[in-house]
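With the hints as extra help, turn the sequences into a complete structure.
As you go down the protein sequences, you meet chains A and B in turn. Every letter in the first sequence is one number past the one before it in the numbering used here, and letter 95, counting from 1, is 95. Counting from 1 along the second sequence, just add 1000 to a position and that's the residue number in the numbering used here.
Because the hints were derived from the structure by calculation, they are not lab data. Check each hint, because a few of them may be wrong.
Stated by the list, open to error - Below, computed lysine to aspartate or glutamate pairings styled on EDC-like, alpha-carbon distance capped at 20 Å: (1) Lys1061/B with Glu1096/B; (2) Lys1061/B with Glu1050/B; (3) Lys76/A with Glu1096/B; (4) Lys76/A with Asp61/A; (5) Lys1010/B with Asp61/A; (6) Lys203/A with Asp9/A.
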Amino acid sequence: MRTLRRAEDRGHSDLGWLDSYHTFSFGAYHDPKHMGFRALRVLNDDRVAPGRGFGAHGHRDMEILSYVIEGQLAHKDSMGGEHVLGPNEVQAMSAGSGVIHSEFNGSETEPVHFLQIWIEPATEDLRPSYQQFAYDPAEKRGTLRLMAAPDASAGAAVIRQNARMYAAVLGAGESIRHSLEPGRHAWVQCVGGEIDVSGLALKAGDGVAISEEQVVDLGGGGEPHGELLLFDLA
Amino acid sequence: MSETPNPEVKVLVVFYSRHGATERVALAAGLGAIQARGSIRLRRLADLAEPQVIDADPSWKAARARMSRDYVEPRPADPVWADVIVLATPDGSSVEVEAYCASLRALGSMAGKIAMPLAAGGGEAALTALYAAAAAAGLIVVPACALDADDPLASVRAHGQQVTGMARALRA
Chain A
1 MRTLRRAEDR
11 GHSDLGWLDS
21 YHTFSFGAYH
31 DPKHMGFRAL
41 RVLNDDRVAP
51 GRGFGAHGHR
61 DMEILSYVIE
71 GQLAHKDSMG
81 GEHVLGPNEV
91 QAMSAGSGVI
101 HSEFNGSETE
111 PVHFLQIWIE
121 PATEDLRPSY
131 QQFAYDPAEK
141 RGTLRLMAAP
151 DASAGAAVIR
161 QNARMYAAVL
171 GAGESIRHSL
181 EPGRHAWVQC
191 VGGEIDVSGL
201 ALKAGDGVAI
211 SEEQVVDLGG
221 GGEPHGELLL
231 FDLA
Chain B
1001 MSETPNPEVK
1011 VLVVFYSRHG
1021 ATERVALAAG
1031 LGAIQARGSI
1041 RLRRLADLAE
1051 PQVIDADPSW
1061 KAARARMSRD
1071 YVEPRPADPV
1081 WADVIVLATP
1091 DGSSVEVEAY
1101 CASLRALGSM
1111 AGKIAMPLAA
1121 GGGEAALTAL
1131 YAAAAAAGLI
1141 VVPACALDAD
1151 DPLASVRAHG
1161 QQVTGMARAL
1171 RA
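Pasting the structure below:
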């Protein structure tokens, strides 16, 4: 079973400095039919103006992943960390028992475009933690590169949920098959370009929920190359 | 089916900080509130000093630039939203604390809310002035905690948890 979530049907907020599209309910955008998928609770597509950002605010009991498409994202948190995240890097913050952080565009001249993903943790009240790692973009070219997982495997960020996040970039004619174990579900988000997901054509911002299927077939849609995130969820 | 009452507690943290010491205390209180499953808003009061005075102090100037980005100033809607208002000031003089309190009063009525006064170093003069201002504004004042000499921020975090829990119990 596949359920499409088209880019143009997402929630949208434009604060001037922040242009954000919400695949699932977030902030002032609330739609009870779109409260998340399995443990995937938030998938925001954010563009932040140069020098602007999210001031100090708190989180609790959430696995927060950031995936930069273009630009630089500066982060500072109550654990004492200060970091800058760019393309081909992944940031994972486990809010656990509580964290205060801020996120700003790390550039005074260029916008930053990134996806922020919230995954509900399997266990509450854990010790907060922060991870960030870089990878070679060739590692996601034509293959699914694991970005986050519940175990410290394959150089991925560790999250406290039975969920895995992969990224891939596919050119025209390239294809990948991802097997889903019985009882598992998938969400595929088209990050850029165009992709084909088990026969469905997706453009940037589109997503699809997949349940009760054994495989997910992913294909490149043409030029520019299609970029996607795949979430394998319990 | 009965439900266990667990109402959301909203905690507004209003602080004034020049070099970041009171900011750290305010963040500790806010983190304690989050740990007690409260929702928080962090607000920094604007500097009242003349710009040339601030510019003459590089540390103050840099901290002000950073904090002006990290925090917005409190707005009248903030105390309306809040169940608990953390009032955090530097130890400072009574004149400074009075200026802080005047800025708070300008936000409008806070009557009936729970006040959690904090002075960055636990200074009694600042706390006494805060208690008086908060009581005069009709706030329910929870006295400040004793600060652990080795880890004062841990004391403030624990206090933030306790006051948030207290507010939840009062709302239940």
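**Request:** Verify the proposed pairing of lysine 76/A with aspartate 61/A, using a straight-line Cα cut of 20 Å.
**Result:** Roughly 18 Å between the alpha carbons, so the hint for lysine 76/A and aspartate 61/A holds.
**Item:** Hint consistency between lysine 1010/B and aspartate 61/A [alpha-carbon to alpha-carbon, up to 20 Å]
**Value:** holds (17 Å)
**Restraint check for lysine 76/A with glutamate 1096/B, where alpha carbons must lie at most 20 Å apart** = Violated: lysine 76/A and glutamate 1096/B sit about 30 Å apart, past 20 Å.
**Message:** For lysine 1061/B and glutamate 1096/B, compute the direct alpha-carbon distance and say whether it is at most 20 Å.
**Reply:** holds (19 Å)
**Request:** Given the hint that lysine 203/A pairs with aspartate 9/A, test it: the Cα-Cα distance must not exceed 20 Å.
**Result:** holds (13 Å)
**Pair hint outcome, lysine 1061/B versus glutamate 1050/B [Cα-Cα no greater than 20 Å]** = With a Cα-Cα distance of about 12 Å, the restraint between lysine 1061/B and glutamate 1050/B holds, given a limit of 20 Å.
Going through the hint list in order, the structure does not satisfy hint 3, though it satisfies all others.
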